[in-house]
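Fit chain B to the known structure of chain A by using the hints.
There are 2 protein chains.
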Amino acid sequence: MYRSELLPAVFVGGGVDLAAGAWRVERIQAVRGDPLPVVERVHVHVGAGTPATAAAGAWALRGVAGHARYVERAERVQLDAVSPPLDRPEATRAALIPIRKSPSWWALMQDERRAVFEERSRHIADSLPFLPRIARRLYHSRDLGEPFDFLTWFEYAPEHAGAFEELVALLRSREEWAYVDREVDIRLAR
Amino acid sequence: MYRSELLPAVFVGGGVDLAAGAWRVERIQAVRGDPLPVVERVHVHVGAGTPATAAAGAWALRGVAGHARYVERAERVQLDAVSPPLDRPEATRAALIPIRKSPSWWALMQDERRAVFEERSRHIADSLPFLPRIARRLYHSRDLGEPFDFLTWFEYAPEHAGAFEELVALLRSREEWAYVDREVDIRLAR
Chain A
17 MYRSELLPAV
27 FVGGGVDLAA
37 GAWRVERIQA
47 VRGDPLPVVE
57 RVHVHVGAGT
67 PATAAAGAWA
77 LRGVAGHARY
87 VERAERVQLD
97 AVSPPLDRPE
107 ATRAALIPIR
117 KSPSWWALMQ
127 DERRAVFEER
137 SRHIADSLPF
147 LPRIARRLYH
157 SRDLGEPFDF
167 LTWFEYAPEH
177 AGAFEELVAL
187 LRSREEWAYV
197 DREVDIRLAR
Chain B
17 MYRSELLPAV
27 FVGGGVDLAA
37 GAWRVERIQA
47 VRGDPLPVVE
57 RVHVHVGAGT
67 PATAAAGAWA
77 LRGVAGHARY
87 VERAERVQLD
97 AVSPPLDRPE
107 ATRAALIPIR
117 KSPSWWALMQ
127 DERRAVFEER
137 SRHIADSLPF
147 LPRIARRLYH
157 SRDLGEPFDF
167 LTWFEYAPEH
177 AGAFEELVAL
187 LRSREEWAYV
197 DREVDIRLAR
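Protein chains in written order, with the working numbering: chain A, 17 to 206; chain B, 17 to 206.
Next comes chain A alone, as it looks inside the complex (with noise of 0.2 Å):
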């Protein structure tokens, strides 16, 4: 039974017969480490009462989105003013980007893993100007015991696919990623 201010979602993975509502899955690629089964449809359950697996899925991925664990006030106060909510209608394009970090990233102290974080990749400084044409959600999955540790979503409008490859090649280039042992980039449309 999960408080008011953490929210439980689970990714399903599956085919054409998965729930209504599903995202089409345009293309599934393992960037780094084992792949995921491919599927054809995906289907998002956020919050209370969502499913720990589905029948229909070929895999179901859980987290849950909280508090933030590397941004600070100043940050949130820069993020808040420009990011968009999820669900806008000109959103139509979506990913799942679930990734794992290795030993030696969570064997670092957080001083040492805020420092790679964003005073040397600058996460979240060279993120903001993707803002508000691509809205996020981070869930976390590590304490859950599952494959990964982050489930990333994000949507976007067609027009703004461009920026959004531009984002990811650009957090992937930095040192944090270097750290990143399983990834796995979902491409969605609807």
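To be clear, the hints were calculated from the coordinates, so they are not data collected in a lab. One or more hints might be untrue.
What the hints assert, rightly or not - So the derived list for chain B, only partly shown, Cβ under 7 Å to chain A, looks like this:
id	residue
1	Tyr-18
2	Arg-89
3	Val-93
4	Ala-97
5	Trp-122
6	Met-125
7	Glu-128
8	Asp-159
9	Gly-161
What the hints assert, rightly or not - Computed footprint of chain A on chain B; a stretch qualifies when at least three of its residues, placed anywhere within it, have a C-beta under 8 Å from a C-beta of chain A:
id	stretch
10	19-33
11	77-88
Just so you know, even glycine gets a beta-carbon here, dropped at the ideal spot from N, CA and C.
Okay, now just chain B, sitting in the frame of chain A:
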């Protein structure tokens, strides 16, 4: 399925018929917020294959020990130099203290939570003098949808019970504890 650097645990409270190896409850006290049902024994399941619940239990609390969320490298070095292991033969007293923090704590950003935790409440610095007498491990429960955010576990020898009371009183007197909205203190012996 948890990766090797993560350690899941389940604490099961129940009657005298609980599994062999259970700790005997000396007292159980609601410090703030709702109590937990009074039990006679607490069994600690650590590691893979732990049950999510136990038939014999009046309650079961789950958590996962993993990476530190606030500790910086310099503090880690100091802590490692004096932190004793769990399961010392002489440590026949233990405390299980489940804690929940308020929505206002979780609405703070990382820099704000760190400032309350250490710069203003000196959680790490003022705990150091109590080591190596008191062994501890912190389990995180929040992302699991559990009723508490943390399960704190302590072990000490009977002659250090006074020192442990002093440590607990010190932490409860600080600003950090203004954000604790539920706390139960369970004292155990074996």
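Here is how each hint holds up against the structure:
no., hint, in the structure
1, Tyr-18, "4 Å, holds"
2, Arg-89, "4 Å, holds"
3, Val-93, "9 Å, violated"
4, Ala-97, "15 Å, violated"
5, Trp-122, "5 Å, holds"
6, Met-125, "4 Å, holds"
7, Glu-128, "6 Å, holds"
8, Asp-159, "4 Å, holds"
9, Gly-161, "4 Å, holds"
10, 19-33, "holds (count 5)"
11, 77-88, "holds (count 8)"
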